[in-house]
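S.K.: Here is how the chains run, residue by residue.
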Amino acid sequence: MKAWPALVSGVLFGLGLTLSGMSDPAKVQGFLNITGDWVPDLIFVMGGAVVVTVLLTPLVLKRAAPLMADSFSLPLTAALDKRLIAGAILFGTGWGLSGYCPGPAAVSLLYGYKSTFVFFIAMLLGMSLEGRFSHWLSHSER
Amino acid sequence: MNQYIAPLAGGLLLGLSAIWLLISVGRVAGISGIVWGSITGPDRNWRWLFIAGLLLGGAVTHMVIGQSIPSPSGAPLWLLAISGMLVGIGTRMGGGCTSGHGVCGLGRRSPRSLVATLTFMAFGVITVFVLQLINGVSS
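Quick note, the sequences are listed as chains D and V, same order.
Reading the first sequence from the start, the letters are residues 1 to 142 in our numbering.
Reading the second sequence from the start, the letters are residues 1 to 139 in our numbering.
So that you can see chain D by itself, here it is in the shape it has in the complex (with noise of 0.2 Å):
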């Protein structure tokens, strides 16, 4: 595959995230705070991005093959399992307690906040560590 359309792909991401107030961490926990002064601007983000996935995807999959690249690399587990769930509540917990998912922290690097470093490194840690934990919760049910 051509490595070049990433880096097309990642522009469009960052002016997305940026132009959006995605990577304003505070505006995210606005948005989740639903029961009190609520912001609704990442309604719009959201729904514009799933509209246009929605609407191109299937178009984009009826082609035997991407246009640089031998074939799509999707993920190919289907199965509603508990790593899924307990993976999502993990990540929904960490990200209302400070309003960063990965996007907006990355592309939150820019800015030069210790803050932003701080969370960036514990999520790698994070990522590191997840085998281990999840081995440990896998047995811990036993």
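Since the hints were made in silico from the structure, they are not lab data.
The C-beta atom is built at its ideal place from N, Cα and C for all residues, glycine as well.
Here are a few chain V residues that face chain D, going by a calculated C-beta distance under 7 Å:
1) Ile19
2) Leu21
3) Arg27
4) Phe50
5) Met85
6) Leu86
7) Cys97
8) Phe129
Since the structure of chain D is already known, use the hints to place chain V on it.
M.R.: Relative to the frame of chain D, chain V by itself:
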């Protein structure tokens, strides 16, 4: 309504980014997976280029368009560390984040991604609700 034009335009760009990555090289624009794969995976080149582009795109918004840079998170550093750990463990365990499940997965009409998205949105809402309660009590 004007205040929602930038969020909508940003959202459309996120969607187009995901579609471009899919049609050009057949990959999913899931940031947690791209970040982790850039360190551990095979095929690191495209992932590093994506991350470089991400930072470049962010810089363009602030330097060229002139949008002001948001304030840092007001959370204490220990809470950010816990938050980051949970996001790191959770995105790997659940196989995606807001972008991989929320933007790309919903586009493929993946049941896994729908369940994951509803779950992490719900727990994001619950967490902020609890934070508000605690702040209300302490202030």
